[in-house]
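When we follow the working numbering, the leftmost residue of the sequence shown carries the number 788, and every step to the right adds one.
Just to be clear, a hint being listed does not mean it is correct.
[What the hints assert, rightly or not] Calculated lysine-lysine pairs in the DSS-like style (CA-CA distance at most 25 Å, straight line): (1) Lys985 <-> Lys965; (2) Lys851 <-> Lys1006; (3) Lys985 <-> Lys1006; (4) Lys985 <-> Lys951; (5) Lys951 <-> Lys965.
Simulated from the structure, these hints should not be mistaken for laboratory data.
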Amino acid sequence: MPSLLQRLGTSTGRVVGLGAGLLAALGLPAAALAETVIEQAARTGEITMAGPVGVVPLAFVDDKKQLVGYSLDIGRRIEAEVADYLGRPVKVVYTVQEDTAALFRDVHRGDVDLACGVQFTWEREMHVDFSMPFALSGIRLLTRQGTLDGAPAALAGQRIGVVKDSLGSATLTALQPKAVTVPFAGIEPAVRALMAGKVAAVAGDSLLLAGAVQGLGGKGYGLVPAQAFSHFAVGCMLPENQSTFRNLVNLAIAKLLQGYLNGNPADVATVERWLGPQGILELPPEVIRAYFQAVLLGYESIRAPAAPATPSPASPVPAAPR
């Protein structure tokens, strides 16, 4: 007579088989639903990360043909945090995904574990989870210095570049319906049009606008107005209901923010490379500190953060995007 354990095993096998058949009928990947991100990382040693390239300062190819950026630095820290939790090497594998809608869909379905440098919205939060933010951005205008001041009244009749169907486009239309919106496929072509004198300004994500104009070598441009038309948090997007993974992602980000506030040289260097006075966004340290402090108020203070975990030799960033 089979033991209770054997009978339970047989019964469980039938249930699993039935579930797999149902998932197959629905066209859903059974493995992705049955396995958490952390379980997958423990089994394969990998975490999948995706996003666009050419988005300065979040992810772009530098003059050494390496994919670099603030989002990739965050990915390295998440990699190290998960590896420490599992007690085994883990690497983040980055795949290029330029289509924002496709990226959102892939994270929602669990085909991608992580996407960093993503704008938080409540609409997206209904279908994916978000980490704590590691940057703050907002909608502003990039224009040649000494021309527009950002006042909505001055935008009437002006040709303003926008990324098609973006928050920048919607914000501009709401602020000044009489502005002439000129749609572009992305931030970089819109900024190129500004530099060529085809538009008077570009409305969009101030973080990406600042990165784009610097990446294109533009001089004499600035962001207006001083206070953004709207603000939003920038963090990491991950599949829903992955609590352990989300906690580790948050811990990696919190250590960076707290390390910056504590003056840890490695953390200060990471943040200021992209956001600081000599970095891409050129924010004053007091502005960065105030925002990081505000973010950490909603979480437990890390009183004595350990030195940031050193990423393994296997970088989460490939030599060339694939």
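Results for each hint:
1. Lys985 <-> Lys965: Holds, at roughly 18 Å.
2. Lys851 <-> Lys1006: Between Lys851 and Lys1006 the Cα gap is close to 23 Å, so the pair holds against 25 Å.
3. Lys985 <-> Lys1006: holds, 17 Å
4. Lys985 <-> Lys951: Roughly 16 Å separates the two Cα atoms, so the pair holds.
5. Lys951 <-> Lys965: holds, 17 Å
Figure legend: structure checked against the earlier numbered hints; every hint is met.
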